[in-house]
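**Student:** Sequence:
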Amino acid sequence: MWEDHLTEIIIFTALFLLVSGIGFVAARWRAPKDMAHLDEWGLGGRNFGGWITWFLVGGDLYTAYTFVAVPALVFGAGAMGFFAVPYTIVIYPLVFLVLCRLWSVSHRHGFVTPADFVRSRFNSPALALLVAITGIVATMPYIALQLVGIEAVLKTMGVTGDSALARHLPIIIAFAILAAYTYQSGLRAPALIAFVKDTLIYIVILVAVIWLPYKLGGWGSIFDAADAKFQASPNPNDGILLNANNQLQYVTLAFGSALALFLYPHSLTGVLASRNRDVIKRNMSALPAYSLLLGLIALLGFMAISAGVKPLPGATEGSVDNNTVVPVLFDQQFPDWFAGVAYAAIGIGALVPAAIMSIAAANLFTRNIYKEYLKRDASPAQEANVSKITSLVVKVGAVACIVFLDPQFSIDLQLIGGVIILQTLPAVALGLYTRWFHRGALIAGWVFGMGLGMWMLYQVSSPTRKHFGGSAFPLEKFGFDTKMTIYVGFVAVLVNLAVAALLTLALRAAKVHDGGDSTTPDDYFADEGDPRVTPGERRGADAAPEPVA
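Under the numbering used here, the letters of the sequence shown match residues 1 to 549, in that order.
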C-alpha cells in the first residue's frame, strides 16, 4: 500500500516538481531574442559548450530504461545482460570523427536532422523521407520505454490502482508536465535538467555499490548467489558466464547496438546542439565515464539475486515484472528517504531522454515531411510551431503505447527499434565519408534490409508470444545445425550494405543519373565562425525537389 511508502513518495514528488520547475525556467536560460526558430527551440541555439553537452548527451543515451532494464536482464539471464557495457565503450571511438563531420556539414548548411543531410548529400527527397520515417518509428517505442522506468518506480511505491486509468494516471500527469515545459523551453529544458539527473544517478549508484556489497557479505557472496541461481535455471543460456550458444548473439548484439546508438535522431540532436567540433571531440573522449557507471548499474542485478529480491507481479496473471527488481532492491535495503532519492533519480532519468526524443522526432516531421511535402515556403516561426505541436503528439503516442499495450511488448519493440534504425547506416554514417553509393541503390538496400529484418523478427518467439518475441534469431532457421542465435539487426544491415553496393555497381555501369551532391569536401571540416551557406545557395531540405530516385 502507498501509505507504507509515504516518505519515498514525498521525496520523489518534491524532486520531480523541482526539476519540472527547472524545465519551465529553462526558457529564460540563455534566452535568444526569438525563440520561434527551430535552431533555438530544437537545438538550443547550437551553442552548448563542453559541460552542457556532456550532461545532455549522457543524459540522452543513459535512460531510465538503462537503469531499470539492464540490471533486470542481468537478474534474469546473467552475463548476457552485460552486452550494454562493451557497446557503449566501442561506440565512442567509432563516432569520434564521424560526428565531427556531421556537425560541420550541418553547421555549414543549417541541417537540423540527419534526413536533412541525406537530402542534400544525395539530392533524393525519397531517401530523405525514408530516413525521417525510420527515425520517427524507431524513436516512438524508445520514448514509451521511459514510461516503463517510471511505472516500475510507481508500482514499487504502491501508487497504482485497479483500473487502467487509475494505474496509469500518475504517468499521464508526469508526461503532461513534461510536455508543457518541453513545449515552452525546447531543448534547453532537458539540457538544464540533465545536471540534476546525472548528479542524482551518480550519487545513488556509488552509494549502492559501496553499501550493498558490505551489507550482503561481499562480492564473493554476491557472485556465488548469482551462480547458484543460474545453475538451477532450466535455460542453458543463463549464467554468470557466456557459453557456446550465446557468444555470437552477445558479440553481434553489442556491435549492432553500438552502430545503432548514434543513428537515433535524439543522439544526433544533442551533438548538433554543440558549439563547435572541439566540444564533440572532448565529449567523445569523456563519455566513456558513463560506461563505468553502467557497469556498476548492471551489477545491481546480481546484488538483487543475493538479496533475495522478488519482482512484483506483472501485467498478466501469473507473470512477474523484472523491471521492478532495482526499485524493490532499494526499497528493501535502504532507508525510505534514500530509496525516495533513488526513485527520483530513475524518474528524472526518464524525463531527460523522453524530452530530447520527442524534440528529435518532431524535428524530423517538421523538416523532412511538413516542409518538404506540405508547405515548402514555411517560415522559421511556422517550423518551430509545427515542431512544438508534433512533440506533444509524439508524447501522447508514447503514453498510449503504455496504456494500451503490455509494457513487456513495448520493451521488445525497443529491440525492434534498433533493427529499424540500423537500416539508415549506409545513407547517414557512410554517407558522411563517401558519395560512392547510388541513391537508388541506397533505397533498395533499405527495402531489402528492412524486409529481411522484419521477417527475421517475425520468426522469433518467446514464452509469451509466438512472433516478435525478441531480437535473437536462431541460426537453425537458416539451415545451420546449431543452437546459436544472432542479432537480427546485424544480419539485416549486412544485407542492406551488400544490396546497396552491388546495385550501385550495376547502376553506375548503366550510367543511371545519380542526382549529384549539394555538399563540398570543405563542408565536412567547417568549424565555429566559418561562413554558412546562405538560403539561396542551400539545397537539401530548403531547395526545390530533385527528381525522385
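Keep in mind the hints are simulated off the structure, nothing from the lab.
It cannot be assumed that every hint is accurate.
[To be verified] Quick list of in silico lysine-lysine cross-link-like pairs, BS3-like style, CA-CA up to 30 Å: (1) 215 with 310; (2) 477 with 310; (3) 215 with 229; (4) 375 with 229; (5) 229 with 511; (6) 466 with 477; (7) 229 with 281; (8) 371 with 310; (9) 155 with 371; (10) 483 with 155; (11) 375 with 310; (12) 483 with 466.
[Claimed, not checked] With beta-carbon atoms standing in for the labels, derived distance ranges: (13) 447 with 217: 53 to 61 Å; (14) 481 with 14: 55 to 63 Å; (15) 14 with 502: 55 to 63 Å; (16) 14 with 477: 19 to 27 Å; (17) 18 with 49: 22 to 30 Å.
For each residue, glycine too, the CB sits at the ideal point set by N, CA and C.
**Student:** So, for every hint listed, does it hold in this structure?
**Tutor:** Going down the list of hints, with the structure as the test:
A threshold of 30 Å between alpha carbons decides the hint, and for residue 215 with residue 310 the separation of about 18 Å falls inside it, so the pair holds. A hinted pair counts as satisfied when its Cα atoms are at most 30 Å apart, and residue 477 with residue 310 does not qualify at roughly 35 Å. About 20 Å separates the Cα atoms of residue 215 and residue 229, which keeps this hinted pair within 30 Å; it holds. For the given pair, residue 375 sits about 59 Å from residue 229 by alpha-carbon distance, which is inconsistent with the 30 Å threshold.
Between residue 229 and residue 511, the direct Cα distance comes to roughly 62 Å. Violation of the 30 Å bound is thereby established for this hinted pair. Of the supplied pair hints, the one linking residue 466 and residue 477 holds, its CA atoms being roughly 15 Å apart against a limit of 30 Å. With a CA separation close to 43 Å, the supplied pair residue 229 and residue 281 exceeds the 30 Å bound. About 51 Å separates the Cα atoms of residue 371 and residue 310, which puts this hinted pair outside 30 Å; it is violated.
Under the criterion of a C-alpha separation no larger than 30 Å, the hint pairing residue 155 with residue 371 is inconsistent with the structure, at around 42 Å. Annotation: proposed proximity of residue 483 to residue 155 is violated, straight-line Cα distance about 37 Å (limit 30 Å). Between residue 375 and residue 310 the CA atoms are separated by roughly 54 Å; this puts the pair beyond 30 Å, and the hint is violated. Pair hint residue 483 plus residue 466 holds up; C-alpha atoms about 18 Å apart against a cutoff of 30 Å.
For residue 447 paired with residue 217, a C-beta distance near 55 Å keeps the hint of 53 to 61 Å intact. With their beta carbons about 59 Å apart, residue 481 and residue 14 fall inside the hinted range of 55 to 63 Å. Taken as a hint, the range 55 to 63 Å holds for the pair residue 14 and residue 502, whose Cβ atoms sit roughly 59 Å apart. Checking the proposed 19 to 27 Å range against residue 14 and residue 477 shows it is violated: the Cβ atoms sit about 52 Å from each other.
At roughly 24 Å, the beta carbons of residue 18 and residue 49 sit within the given window of 22 to 30 Å.
This entry does not satisfy hints 2, 4, 5, 7, 8, 9, 10, 11 and 16, going by the numbered hints stated previously.
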